[in-house]
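Just so you know, the protein sequences line up as chains F and U, in that order.
Everything in the first sequence is counted per our numbering, starting at 1 for the first residue and increasing by one.
Everything in the second sequence is counted per our numbering, starting at 1001 for the first residue and increasing by one.
Calculated directly from the structure, the hints in this document are not laboratory data.
Treat the hints loosely; a few may be bogus.
[As the list claims (entries may be wrong)] Label pairs and their calculated CB-CB ranges:
hint, chain 1, residue 1, chain 2, residue 2, range
1, F, G40, U, A1001, 37 to 45 Å
2, U, A1114, F, S5, 31 to 39 Å
3, F, D63, U, D1081, 45 to 53 Å
4, F, K14, U, K1055, 46 to 54 Å
5, F, L115, U, P1041, 21 to 29 Å
6, U, S1042, F, I26, 14 to 22 Å
7, F, G16, U, N1030, 46 to 54 Å
8, F, N18, U, T1100, 23 to 31 Å
9, F, R15, U, N1030, 40 to 48 Å
10, U, N1030, F, G40, 31 to 39 Å
11, U, N1067, F, P70, 38 to 46 Å
12, U, D1081, F, R59, 27 to 35 Å
[Said to hold, decoys possible] Stretch by stretch, here's where chain F covers chain U in the computed footprint (C-beta under 8 Å, at least three residues):
hint, stretch
13, 1046-1054
14, 1100-1108
Beta carbons are placed, not taken as given, at the ideal position from N, Cα and C, and that holds for glycine.
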Amino acid sequence: DTGVSQDPRHKITKRGQNVTFRCDPISEHNRLYWYRQTLGQGPEFLTYFQNEAQLEKSRLLSDRFSAERPKGSFSTLEIQRTEQGDSAMYLCASSLRAQGYNEQFFGPGTRLTVL
Amino acid sequence: AQTVTQSQPEMSVQEAETVTLSCTYDTSENNYYLFWYKQPPSRQMILVIRQEAYKQQNATENRFSVNFQKAAKSFSLKISDSQLGDTAMYFCAFLASGNTPLVFGKGTRLSVIA
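Generate coordinates for the entire structure from the input sequences, incorporating the hints supplied.
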């Protein structure tokens, strides 16, 4: 399967714990995006990378959130001191930056439940 | 900032019938793209159809077509000959021409009834 993959698919944690999610984009894609989707809502942008550079962060990305893409390939999203409000589906997408429109391909998501 | 509004939280349609999902958006950009994404119960987001704002012709992909009204900032999706597999959440989304992140609406849950 050459699509976007995310790991784990589900994560249950207790409030106050740290969690880390991983996203593997389509291999030739140089842009990688993180979105958060809460129940009954559309995905909301968190942050994105072009290669290893983090180019934009949303106001939704509080100080407890950090994302990395160290070698311009896979990316990790870490949430420290989780809160119940962090419960959501975390979606990753990738695209190839080129002239004109570049489709974003989405992964299956990581569903986080904070107890 | 761009906003996308989907005013129909839920819709249902009989199998083989036609259904139209509504979307309006607000932007000051002149060049942009609009999309409809499908998110089935398994939750992987799939692109259904896209429209470039500079194109007057409405996009069509098999049973899916759009009605793009740029002046009215309206972008509806028509699904013809609805199939059970069309049951999903449908999200309207906006992308500015610089390939910045997508801005999504809240979605419409479509149920196709046999």
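Evaluation of the provided hints:
1. F:G40 x U:A1001: 37 to 45 Å: 21 Å, violated
2. U:A1114 x F:S5: 31 to 39 Å: With Cβ atoms ~34 Å apart, the hint holds.
3. F:D63 x U:D1081: 45 to 53 Å: Taking Cβ atoms as reference, D63 of chain F and D1081 of chain U lie about 50 Å apart, which means the hint holds.
4. F:K14 x U:K1055: 46 to 54 Å: 51 Å, holds
5. F:L115 x U:P1041: 21 to 29 Å: Once the Cβ atoms are compared, 24 Å apart, the range 21 to 29 Å for P1041 of chain U and L115 of chain F holds.
6. U:S1042 x F:I26: 14 to 22 Å: For I26 of chain F against S1042 of chain U, whose Cβ atoms are near 19 Å apart, the range 14 to 22 Å holds.
7. F:G16 x U:N1030: 46 to 54 Å: For G16 of chain F and N1030 of chain U the Cβ distance comes to about 47 Å; the hint holds.
8. F:N18 x U:T1100: 23 to 31 Å: At roughly 29 Å between Cβ atoms, T1100 of chain U and N18 of chain F fall inside 23 to 31 Å, so the hint holds.
9. F:R15 x U:N1030: 40 to 48 Å: Since R15 of chain F and N1030 of chain U have Cβ atoms about 46 Å apart, the given range 40 to 48 Å holds.
10. U:N1030 x F:G40: 31 to 39 Å: With Cβ atoms ~32 Å apart, the hint holds.
11. U:N1067 x F:P70: 38 to 46 Å: Between N1067 of chain U and P70 of chain F, where Cβ atoms are some 45 Å apart, the hint holds.
12. U:D1081 x F:R59: 27 to 35 Å: 43 Å, violated
13. 1046-1054: Satisfied; 4 residues make the cut.
14. 1100-1108: holds (count 8)
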